[in-house]
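J.: As a plain string of letters, each chain reads:
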Amino acid sequence: MNDGTLVLRVRDLIKSYGDNTVLDRVDIDVGRNQIVGIVGENGAGKTTLFNVLSGLVEADGGRVELNGAEIHPPDYHSATLLGISRVFQEQALIPNIAVYENIPLSHERLFARAGQLMDKRRMIETAQRIVDATGLDIDVRRRTSDYDFSKRQAIEIARACLVPQEVLGIAYPIVLLDEPTSALQKTEEAAFFDLIVQLREHGSLMFVSHRLSEVLSVSDVIYVLKDGRLVATVDPTEADERRLHGLMVGRERHADYYHEAGQLDAARRAAVFETQALTQGGAYAEVTIEVRAGEVLGIGGLIESGKSEFGKGAAGIVAPDSGTVSIDGRAPIKLDLRALMKHGLGYVPAERHAEGMIVPFTVAWNISLASGQDIFSNALGVWRGGLETSVARRYIEQLRIRTSGAGAYCVTLSGGNQQKVVLAKWLCREPKVLILDNPTRGVDAGAKEEIYRLIRDLSAKGLGIILITDELMELIGLSNRVAIMRDDRVAAIVDARVVG
Amino acid sequence: MAPRTTSLARRFGAATATIGIWLPIAVALSLIVFFSVATDAFMSLRNVTAISGQASTLLLASLGATFVILMGSIDLSVGAIVLLVGAITVTTVNAGGLGVSAVLVGILAGAALGAANGLVFAFGVIPSFVVTLGSLSVFTGAAWEILRGRALRFDSISFENLAIGQAVAHLPNIALWALGAWAAMVFICFKTRFGRYMYIIGGGEAVAETSGLPVKRYKVYAFAPSGGMAGLAGALAVARLGAAGPTPGTDLLLNTLAAVVVGGTSLSRGVGGVHRTLIGVLIISLLDNGLNLMGVNQYAQMIVKGAVVITAVLIGQDRGKSVVMK
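Just so you know, the sequences run in chain order A and B.
Going by this note's numbering, the first residue of the first sequence is number 9, and it counts up by one from there.
Going by this note's numbering, the first residue of the second sequence is number 266, and it counts up by one from there.
Don't take every hint at face value.
[Unchecked claim] According to the in silico footprint, chain B covers these stretches of chain A (three or more CB under 8 angstroms from chain B): (1) 220-230; (2) 362-374.
[What the hints assert, rightly or not] Pairs of lysine to aspartate or glutamate residues, derived as EDC-like cross-links and limited to a Cα-Cα distance of at most 20 angstroms, are as follows: (3) Lys234(A) / Asp382(A); (4) Lys350(A) / Glu474(B); (5) Lys440(A) / Asp140(A); (6) Lys481(B) / Asp344(A); (7) Lys456(B) / Asp382(A); (8) Lys342(A) / Glu298(A); (9) Lys234(A) / Glu209(A); (10) Lys481(B) / Asp382(A); (11) Lys481(B) / Glu470(B); (12) Lys342(A) / Glu474(B); (13) Lys234(A) / Asp20(A); (14) Lys469(A) / Glu457(A); (15) Lys234(A) / Asp37(A); (16) Lys234(A) / Glu457(A); (17) Lys440(A) / Glu222(A).
[Stated by the list, open to error] Pairwise CB distance ranges (calculated): (18) Arg482(B) / Ile383(A): 13 to 23 angstroms; (19) His80(A) / Ala449(B): 31 to 41 angstroms; (20) Thr332(A) / Val365(B): 35 to 45 angstroms; (21) Leu310(B) / Gly415(A): 54 to 64 angstroms; (22) Asp140(A) / Val390(B): 39 to 49 angstroms; (23) Ala120(A) / Val390(B): 42 to 52 angstroms; (24) Ile501(A) / Arg482(B): 31 to 41 angstroms; (25) Asp336(A) / Glu410(B): 54 to 64 angstroms; (26) Leu373(B) / Gly415(A): 55 to 65 angstroms; (27) Val390(B) / Phe157(A): 28 to 38 angstroms; (28) Ile383(A) / Ala449(B): 21 to 31 angstroms; (29) Pro479(B) / Thr245(A): 53 to 63 angstroms; (30) Leu579(B) / Gly415(A): 43 to 53 angstroms.
If you are wondering where the hints come from, they were derived from the structure by calculation, not from laboratory data.
We put the CB at the ideal spot given by N, CA and C, even for glycine.
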């Protein structure tokens with residue numbers, strides 16, 4: 009497929025922020041009609057590389073050549089005119105306009121007649137041609153928001169790949185895909201890969217992904233970044249997931265990554281947390297589950313299966329319409345977070361920065377966040393500052409949170425260490441049940457392993473844990489039993505060993 | 266553009282988390298130096314006594330409002346509460362019987378007005394600036410109903426002495442009240458659950474909700490002391506002036522807000538603190554007094570003060586995060 013001609017040539021690319029070197033003399037080659045995979049832990053420099061290529065960030069040194077000519081796009085729009093376009097992690101389509109209006113977004117000028125009037129018919133024709141070329145079943149005259157998330161993502165990818173050729177007349181465009189499948193379902197992934205392979209006919213693709221298996225299956229070549237350096241160029245036909253992972257973290261993946269040996273046999277133990285027919289209209293219905301002491305109950309299912317909403321409902325953050333929740337087999341508790349907390353519940357949200365912690369605050373302030381009412385202040389409402397600091401120090405040590413101290417601001421912590429702070433916020437309450445929604449999202453592989461070990465340690469102490477996760481391997485590796493949600497309901501509860 | 270803004274915000278987040286407290290202190294000191302050189306009267310004992318009297322009313326009124334701003338909201342009705350409570354207090358004093366404890370009536374009346382603001386804000390889920398803009402009009406109207414366009418005098422030496430007596434030579438008593446209230450509020454800000462929750466709600470309301478904080482309740486709690494302190498300010502202001510007049514409210518609206526933000530409490534991020542408001546009040550009072558002594562007219566003063574407020578907000582703002590008043 010690769011006819012050997014280079015489209016993009018990156019040499020000695022350097023970028024640093026203060027003392028922190030994020031790209032350290034990186035070399036990358038992209039051939040015509042080639043799919044290039046880029047892998048690395050968080051902070052390895054993948055996104056910065058994309059930011060430099062697409063004109064969002066200026067490099068400190070090195071060369072970027074496109075079809076033999078050196079380029080320095082000053083901003084993203086200029087990069088698109090050169091033929092480099094990008095699909096961002098967050099969707100960039102405007103939902104309330106028609107698909108055909110979204111496709112040439114920012115290049116409308118090329119469809120203008122007499123300056124301002126839009127040639128609507130030509131726009132529709134071009135947009136439909138782009139969509140058809142990718143084999144998508146989409147009517148471009150419909151509103152963008154009429155299509156679901158995965159369709160919209162496909163539209164966005166098709167736009168990035170085909171607008172350069174169809175609209176701008178660029179022969180060899182390059183498309184940068186940043187975690188394109190992180191929000192897609194397993195079933196949609198197959199369609200996504202078909203799309204990628206189709207699009208290879210039209211241009212070159214570079215894509216960043218945490219999912220190593222998908223990188224291995226579609227890439228023509230894989231570049232491994234670690235700490236801003238290119239550590240390996242891998243031929244996917246000669247590598248496997250474990251080898252890639254080893255290159256990313258600098259060592260081989262632990263054979264027992266999920267500490268499965270530490271899993272407790274909880275089948276005979278008492279339930280610590282039960283839901284009875286928990287229902288919220290439009291989100292989840294009739295969810296009845298129980299978690300036993302020392303057990304990890306996984307909840308899997310597609311993004312819109314209602315599993316995250318169920319987590320919020322069971323924790324009383326968004327009160328369900330009906331159903332009950334009980335802890336330790338006692339009478340049902342009011343479906344309100346504060347009431348449930350008193351009985352020993354903790355909840356770690358998926359959106360760490362929006363809901364889990366306040367990053368401009370210190371480690372100590374974030375750890376005490378959920379316990380101001382009952383632990384860190386006395387009956388008169390006077391704050392126990394000394395206790396707060398000593399508790400924070402204890403958890404910094406226990407969970408090995410890498411920080412300069414209890415008074416350090418959380419902005420200075422990595423994603424994994426921030427997540428440990430969020431966990432400490434609940435652990436200092438000595439909970440009986442924890443609901444964890446994607447606890448390792450945005451966490452690098454090293455910290456992930458530590459969080460997995462922590463989950464094991466907690467269940468060894470008899471905590472019941474509900475693990476809601478989008479990562480199938482994590483779901484199977486950590487859970488005793490797995491509840492699969494489909495169309496708002498629990499479709500099945502199975503033993504994780506059977507699934508694995 | 267998303268990746269760049271977030272990474273920049275994260276990068277500079279720590280550095281701009283607070284304006285160094287030295288900045289407002291330096292501004293206050295340079296104002297003192299400037300006005301001492303520019304005018305003869307500024308450094309006189311008499312003028313210092315006068316400044317401390319003016320600054321005290323402003324400090325009392327701004328202390329409670331600081332909590333509201335810390336929480337990410339705004340209380341535009343502070344000046345109107347001062348006005349209305351002033352009128353209520355004089356009426357109470359003139360009715361006789363209560364004497365000095367009319368101050369308590371003032372505090373309670375103010376707290377009740379503030380709590381009303383808070384209830385509508387928290388349970389009506391209406392932006393605070395809308396609620397308090399409305400109540401600003403309601404309270405001002407009510408005050409003018411009581412005053413009927415004239416100054417309402419009272420005749421009670423003991424009540425007057427609460428504010429203008431000098432337990433410490435050359436320092437009016439109202440300054441002792443203000444400093445005492447400031448110390449109490451600083452304690453509340455840093456050493457109590459209430460203070461901490463103000464920071465948390467301001468820094469991340471959604472985080473507070475998913476951590477089980479009674480957010481709504483504390484929103485009401487924040488507005489009650491804002492009103493209560495404005496009430497105390499109103500009662501002592503009339504004691505100082507000898508009458509409840511129809512004017513003080515409008516000045517205080519901008520001045521309280523100015524004092525809080527100039528001190529370095531940020532609009533809507535859970536950054537700053539009550540201790541800073543003392544410096545903010547000092548800056549605003551020095552500016553008022555000094556410009557007056559220099560003979561700058563009222564209109565030009567308004568222009569200067571407005572510009573100072575906007576500058577303070579510009580300096581204190583983290584431009585990575587848009588400011589949304591709740």
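J.: If a hint holds in the structure, say so; if it doesn't, say that too.
T.: Now the hints, each set against the structure:
With 0 residues having a Cβ less than 8 angstroms from any Cβ of chain B, the region 220-230 of chain A misses the three-residue criterion, and the hint is violated. Interface restraint, the region 362-374 of chain A with chain B: holds (9 residues with C-beta to C-beta distance below 8 angstroms; minimum three). Annotation: proposed proximity of Lys234(A) to Asp382(A) is violated, straight-line Cα distance about 44 angstroms (limit 20 angstroms). Straight-line distance between C-alpha atoms of Lys350(A) and Glu474(B) comes to about 15 angstroms, which keeps the hinted pair within the 20 angstroms bound.
In summary, the hint linking Lys440(A) to Asp140(A) is not supported, as the alpha carbons are separated by about 54 angstroms, beyond the 20 angstroms threshold. Of the supplied pair hints, the one linking Lys481(B) and Asp344(A) holds, its CA atoms being roughly 14 angstroms apart against a limit of 20 angstroms. Of the supplied pair hints, the one linking Lys456(B) and Asp382(A) holds, its CA atoms being roughly 15 angstroms apart against a limit of 20 angstroms. For the proposed pair Lys342(A) and Glu298(A), the alpha carbon gap of about 17 angstroms is at most 20 angstroms, so the pair holds.
Distance hint between Lys234(A) and Glu209(A) is unfulfilled; the C-alpha atoms sit about 31 angstroms from each other, more than 20 angstroms. The hinted pair formed by Lys481(B) and Asp382(A) meets the criterion: a straight-line CA distance of about 18 angstroms does not exceed 20 angstroms. Proximity of Lys481(B) to Glu470(B) is assessed by CA-CA distance (about 10 angstroms); at most 20 angstroms being required, the pair is judged to hold. At roughly 16 angstroms between alpha-carbon atoms, Lys342(A) and Glu474(B) fall within 20 angstroms of each other, so this suggested pair holds.
This hinted pair checks out: Lys234(A) and Asp20(A) have alpha carbons roughly 15 angstroms apart, not beyond 20 angstroms. At most 20 angstroms may separate the alpha-carbon atoms for a hinted pair to count; Lys469(A) and Glu457(A) meet this at roughly 19 angstroms. Only pairs whose Cα atoms come within 20 angstroms are accepted, and Lys234(A) paired with Asp37(A) is accepted, the gap being roughly 18 angstroms. In summary, the hint linking Lys234(A) to Glu457(A) is supported, as the alpha carbons are separated by about 18 angstroms, within the 20 angstroms threshold.
Under the criterion of a C-alpha separation no larger than 20 angstroms, the hint pairing Lys440(A) with Glu222(A) is inconsistent with the structure, at around 37 angstroms. Judged by the Cβ atoms, the range 13 to 23 angstroms given for Arg482(B) and Ile383(A) holds: they are separated by roughly 19 angstroms. Between His80(A) and Ala449(B) the beta carbons are some 59 angstroms apart, a value that contradicts the proposed interval 31 to 41 angstroms. Distance hint check: the CB atoms of Thr332(A) and Val365(B) are about 57 angstroms apart, inconsistent with the given range 35 to 45 angstroms.
Against the hinted window of 54 to 64 angstroms, the Cβ-Cβ separation of Leu310(B) and Gly415(A) comes to about 43 angstroms, which falls outside the hint. Separated by about 47 angstroms at the C-beta atoms, Asp140(A) and Val390(B) satisfy the suggested range of 39 to 49 angstroms. For the pair Ala120(A) and Val390(B), the supplied restraint of 42 to 52 angstroms holds, since their beta-carbon distance comes to about 44 angstroms. Taking the beta carbon of each, Ile501(A) and Arg482(B) are about 39 angstroms apart, inside 31 to 41 angstroms as hinted.
Roughly 59 angstroms separates the CB atoms of Asp336(A) and Glu410(B), a value that falls within the hinted 54 to 64 angstroms. Checking the proposed 55 to 65 angstroms range against Leu373(B) and Gly415(A) shows it is violated: the Cβ atoms sit about 39 angstroms from each other. The beta-carbon spacing between Val390(B) and Phe157(A), approximately 29 angstroms, falls within the hinted interval of 28 to 38 angstroms. A C-beta distance of roughly 25 angstroms is found between Ile383(A) and Ala449(B), which places it inside the suggested range of 21 to 31 angstroms.
Between Pro479(B) and Thr245(A) the beta carbons are some 59 angstroms apart, a value that agrees with the proposed interval 53 to 63 angstroms. Hint check: Leu579(B) to Gly415(A), Cβ distance near 28 angstroms, so the stated range 43 to 53 angstroms is violated.
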